Structure formats: C-alpha cells, structure tokens
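If you follow the hints, you should be able to join the two separate chains into one complex; please do so.
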Amino acid sequence: MRDLPVLEMGQQPMIEAEGLRIGRNGERLLDLRYLALDGPGPTLIMGPNGAGKSLLLRCLHGLIAPDAGQVRQDGVPIGAESRARQGMVFQTPVLLRRSVAANLDYVLKRHRLTRARRRARIEALLAEGGLAGKGRQSARSLSGGEGQRLAILRALATEPDVLFLDEPTSALDPAATQDIEAMILRAARRGTRIVMVTHDIGQARRLGHDIVLMHQGRIAEHSLAHDFFDDPQSQAGRRFLAGSLVL
Amino acid sequence: MQDFAQEFTTAMTLILTGDSELWAIVLLSLQVSVMAVLIAAVIGMPLGAALAVARFPARRLVIVLLNALMGLPPVVVGLLVYLVLSRSGPLGVLQLLYTPTAMIVAQVVLVMPIIAALTRQTVETLDAEYAEQLRSLGVSRLASVPTLLWDGRIALATALLAGFGRAIAEVGAVIIVGGNINHVTRVMTTTIALETSKGNLALALALGVILIGMAISVTGLVSLLSLRQEGEAMRHA
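Those protein sequence lines, which keep their order, are chains A and B. 1 is the number of the first residue of the first sequence in full-length UniProt numbering; add one for each residue after it. 1 is the number of the first residue of the second sequence in full-length UniProt numbering; add one for each residue after it.
Some clues are possibly wrong.
[Claimed, not checked] Counterexamples of contact, computed for chain B against chain A with all Cβ distances above 10 Å: (1) S136; (2) G138; (3) T147.
[Claimed, not checked] Just some of the chain B residues that point at chain A, by a computed CB distance under 7 Å: (4) E132; (5) R135; (6) L137.
Calculated directly from the structure, the hints in this document are not laboratory data. Quick caveat, the model's predicted, so the values are computed rather than measured. The C-beta atom is built at its ideal place from N, Cα and C for all residues, glycine as well.
Just chain B, with the same shape it has in the complex (with noise of 0.2 Å):
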C-alpha cells in the first residue's frame, strides 16, 4: 500500500512538474485523435446527413449496418488496417505501417461509423419536424441539409465528442498499426499498457489520471450539451 502511495505521489509529480515524456506523449496521443476524429466529421457528416434524407432501396440496410459498424471491436480494426498497410498489403506501397498516420487511419475506421450515424439520426429526427416547413420555404431537399446540419449543431458537437472519447480511449487498434515506438507512435493507452507490465506505474498511473481526466471532461461537456439541448427543447413545449 505504501509502494502505491509512493508511485501515486511520483505519478502526480511527473503530471505537475511538466515531465517532457509524459507530456510528449499526450500531446501525441491528442494530435492522433483529434487528427482522427475531424476526418472522420468530413467523412461521416455528409454521410450520415445523406442517409437521413436521401430515399433509396437498401436505405434501411445501410442504416442497420451503420449502426452496427458502431460496435466494430478496435483490435480487429486494428487488424485489418494493419493487413491494409502492411508491405504486401494493397497500400503497403505508402509505408505507413508503425507510424502516427497509420494511427490516425485505424481511429478514423473506429469513429467515422459513430459520426456518421448520430448525424443520421440527428438529422432524420430534425428533417421529420422540418421538412414541410422548409419546402414551404421553398428550400429543396438538397439545400435543407445545411440548415438540418447546423440547427442540428449541439446533438453533432455531441457525436464528436463521443467519438474523440473512443478514439482517446481506444488501445486494441493503435498498438497494432502503431507498434508502440518510443517517441514515435507511443499514446496514452499504450504506454500504459507497456509501462503496467514493465512494472512502471508511476508513468502508467500519471497517464492514466490525464486520460480519465479527459474522459470525464469528455462525458461532462456531453452532459453539458444535452442539458442545454432539453433545456430548449422544455422551453418550447
């Protein structure tokens, strides 16, 4: 108990007095995921807005699959980009395997499915009250998806911020296609992965204190906007 109080107080050290490892690989870990999660908007935004409002045949399909892509298990992502980007894979010619991008591709993987659809169904829920109105407005099908987007602003902030929160979080796939390079690909979880079984734990700890300091912040912002969100929504009523 004592040996733990100890490495807790090394732990809380290394956070306060600005340790350039610690702190490095933090700043790496939010560059990856941060990276991560604004691609995956560009991707899953216009997507998921186009599967509110678009009607074709498998629609439905597409959704349940969507859906499902949300649960996708981060070491079989990892696996997968690995295969991708492995020397004889099909990208293998970009030499990407073991570095940050590769990282950053395996997270977009993991969180394009969960933008993509909360925006659908953000959009498809704002669309059902809009659509008449709109068109009354004159605004066509095309051209009310800015307008669902951004009067759909706080539930989108919302799925971004539990995207960053699976990113942030995620060890299984990052280890995988970043290899856990020192001073290279090395993130939170994963050095809290490698420093646990080297017997580390003043690091491990330090890490793990910043990443659970995230995600609770990431969780309170959440919170924060959804009240804020029912809060408009009771007033209206």
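Just chain A, with the same shape it has in the complex (with noise of 0.2 Å):
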C-alpha cells in the first residue's frame, strides 16, 4: 500500500469503501477493511476466479448491496444518485433489442436531452465507437467486439464520472481488444475515472495506474501498477505474478 498519491487533509477519495462484508452459507466471499480509490486512475482489478473482484466492482457500483460496510463517492454513501453518475459495463453486453441507435437513445431519453440534441449526441458517440452509419442496424446482429464497443458507449453516453468494466475483452480476439482499450483510455483522457477488472496482465499493465489485487475475498495489494509489475510487495501479489496463485 505504499506510493499512491497522498491525500490533502480532507481532501475526499473519489470512491471510497470502508468494511465491506459479503457472505453466503458461511463462507467469506468479502471481506475488505479499506478501499480508497482517488488520483487519476485507471484501477485494475485483478486476481484469481472467485477472489471477489466482480463482487467488489457490483457493490462499488451499488448493484450489490453488502451484508456490512459502506461505500460512498466523494464522501457520500452511493445511491441512485450517486449511480447516475456512474456507468458500468459487463463481461457480456447487455443490448437491448432494438437498433444500435435506440440503444444510445434509451440512456439519453432518460436525462431528457431534447430530440435534436440527441440525434447530435448518438452521431457524436457512434463515430466514437467507430459505429458510424451503424445507427439503423439491429444491434444484437453487432459482433462481439462492436457490442461491447456500444455498451461502453451507452455507459459513457451520459458522461458519468466514474465507469466500472467487468471483463470487457475477455471474450474478444486482440483487434477488438485493442479497439475497446483505446475507448477506454480515451475515457479517462477525458476524465472519466475508470475501474476495470481484468484477468489479463498484459491488459493491466498497459492500462493500469495501479493495481488492486484480491484473493480470496480480500485486497493482498493496492499498488501503482509499475510498483506491483516490478516489485509486488505481497506474497499473493508475487504468486500471482508467477501463475502460481489459484483460488
């Protein structure tokens, strides 16, 4: 836990999550004394299956209500709220079905955006995504790669100050890969704080900032990221780094 950017006295973390606690039938899923995410991102998530890094990113967005503990942005515990101005977007997109369009529209419609500046905001976005002149196009006949090209479009459409990715590319090939991790970097260029989990270590170093290593439901690290790639302070940090950390 060393050389991540100190805090002004009170001065808030963006996201913060102080004792949260999940368990079912008995067995500890989470169970995390602090978490303080600030500076300017991107954090990447990572551990081994079942560490709890999906659990985590749920209960930071609030999707997941914990058994114990509290989240809150910027000093405020998370809600509604505080969701709206958030985004997240899913190992598997979930589109809508309808056209690629609508998809964007029906985020818009919802922060009533007039029509026309709809239209100009789904043009904006879809030449972001490089889905230009897809609009029209059912987007569940997209393929994997422009799906997941669009859910991040429709997490970003609102600009939300935070957007959370479970495992966006791990069902993609590298092209699409690399296409989704140049939308994510421009994301944060323009000051989206970004919080992504990932299992792919060549993914982290190329977008980290630093690094929260979990295992079994705990955080064994939180690094910068050329800290943890170069030096991991913790045993589960450097077992993970040899391949040898399961479960």
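Laid out in structure tokens, this is it:
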C-alpha cells in the first residue's frame, strides 16, 4: 500500500469503501477493510477466479448491497443518485433488442435531452465507437467487439464520473480488445475515472495506473502499476505474477 | 364418395362466391375472438409482467395456478360463465346470456391465463438478462416493465396469436353461453357442430376449410416469429 497519491488534509477520495463484507452460507466472499480510489486511474482489479473481483465492482456501483460496510462517492454513501453519475459495462454486453441508435437513445431519453440534441449526441457517440453508419442496424446483430463497444458508448453517453468495467474484453480477439482499450483510454483522458476488472496481465500493464490485487475476498495489495509489476509487495502478488496463485 | 365430392364442391362454391350467411358467421367469429384476445391482453400482459418482476410470498403458487389455468376445459368455463350470467346468477341483471358479449367473456376467461402465463415467462427470462444492466442505467424495477415488454415483443405477439388460436377454435364455452342462435351468436365452430348433425355438410365443410386456414396461418405466423427470434439470438451468440 505504498506510493499511492497522498491526499491533502480533508480531501475526499472519489470512491471509498469501508468494512465491506459479503458472505453466503458461512463462506466469506468479500471482506474488505478499506479501499480508496483516488488519483487519475485507471484502477485495474486483478486476482484469480472467485477472488471477489466482480462482487467488489458490483458493490462499488451499488448493484449489490453488502452485508456490512459502506461505499461512498465524494464522501456521500452511494445510492440511486450517485449511480446516475456512474456507468458499468459487463463481461457480456447486455444490448436491448432494438437498433444500435435506440440503445443509446434509451439512456439519453432518460436524461431528458431534446430530440435534436439526442440525435447529435448519438452521431458523436457512434463515431467515437467506430460504429458510424450502423445506427439503424439491430444491436443484437453486431459482432462481439462491436456489441461491447456499443455497451461502453451507452455507459459513457451521459458522461459519468466513474466507469466500471467487468472483464469487458475477456471474450474478444486481440484486435477487438485493442479497440476497446483505446476507447477506455480516451474516456480516461476526458476525465472519466476508470475502474476495471481484468484477468489479462498484459492488459493491466497497458492500462493500469494502480492495481488492486484480490485474493479470497480480500485485498492482498493495492499499489501503483509499475511497482506492482516490478516488485510486488505481497506474497499473493508475487505468486499471482508467477502464475501460481489459484483460489 | 361422390356425395363427399359434391358437398366439397358446394362448400368451395360457398366460399368463393362470397356466400353472405357463411361470411357473416366468419365475421362474427373474428369479432368475438379478436375482442376477447384484446381484452385478455389488456388484463393478462400487465398481470404476467407484474408476476415476473414482483416478489411476494405466494408468488410460486400463483404462477403454478396460472400455468394450470392454461389448460382449463372450455366446457367447464362455459358452464361457470353461464352460471354467473344466468338470470339467477350474480351478474344476471346484465342480461348478457346468449349474446356475443357473453361469448367474449367466456373466451377472455379461457385466453387470459394463456397470455398472462406466456407473458410472465417471457418477461422473467428477459429480466434475468436485463436486471443488472437496467439498474445500472438507473431504471427502477417498475420502470423496467415497459422496457421488458417492448423488448419481448416478438414472444408477446406469439402469446397473443396462441390465445387467438385457442379462442377461434374453441366450441364448448361459446355454445353454452352463446346458445348458437342463428344470426346472433352462431360462430364457425358452433355452426360446424350444428350443421354436421343436421347433415348439411356443405356449410360445415366450408367453415371447416376457413377455420383450418386460420389455424394454419396462426401457427405459421407463430413459427415465423419464433424463427425470427431464434435468428436474432443466433446472430448475437
């Protein structure tokens, strides 16, 4: 837990989780003392299968209520209001059975933009995601990579402060992965705080500013990416990078 | 055999020459069944959707009951609606017995569980896929229902067609509450039953041909819709 940006006195981390606990049938799924996500990000959450990465992400986004503990955004406990300033992209994109443009319009309509502004925004988003000219196509006829790009565009449509991504490229080929990573980096440069779960160490190296390593529901290590990859501080970190950390 | 050929020829002539009695019966059948399906949809779709997304103690029991009601015997439904609408029944004052309205009521009772149960199934399956994503987009449980209904539109259209198929082909309920009165409550199925027993096979056959045509069209439409849905699912996979 070193080298992470030190906060000024009284400064709030953007996202803060404290004492999060989730258990099922006596089994500990998540047990986290404290996690502060500040600094520019992207934060990459890594760990073996079943380490609690996706669960943590869902807790941070407020999709799952923990048995105990609290998540705060800018010092305020998260709720429907903070979720409106966050977006989330899932491993398998959940696309509405409508056209590509209608998937984006669905979100924009909820934010009560005028028709003209919505149309302009949709065009801009489609261009950003390399989907220009595909607006009228059925969203579910897109390829895997295009579908995931649409899911990211939809999450970004309302310009959220934070974007959570749960292994968005795990089912994609290298070219599609590259497109998605470029999109994520562009969003980060525009000021969206990225928090992403990945299995792919190469991806974590390419994208990560800081790495959260999870093991058995706990945070084993939270370090800046170059420190983590050069010289992991935890036993779990060393074993993870050596490929011998399982469950 | 020659008789049959002759009856069949007469039947086809009735259809092709636009026999007014025949087509009046077809029209009444359509009016009754389409109206019944529309009313059943207005009740059954919200009910099915609510069952899909709401969580309450006896939910599973209600779902089992609803599924069981899909197999209601039409004759029994006819009997129950008859008892309710008969002069001494609770709704006797409305004097609806032996009117097309009574037939619509009976068909609504038959069709509503089918539409509600199929809607429940469709919405619940879709909800399992959409729930987290919609929540992430800030859509409340209640507000997600129109989204789920719209995105399940192909399956729901199939449910409506299934309901229509059941209504148009049903004879037991409408003959009891409609009374099979000439020019008033005589529909395709009840006419076929009556004319066959009278030995007037030409009219019965003509209506039979039209009814079969409708049944095949409905089934064809249903398979076309489900093929389209499968196609979308496959492209997505």
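Please name the hints from earlier in the document that this structure breaks, with their numbers sorted from lowest to highest. 1, 2 and 3
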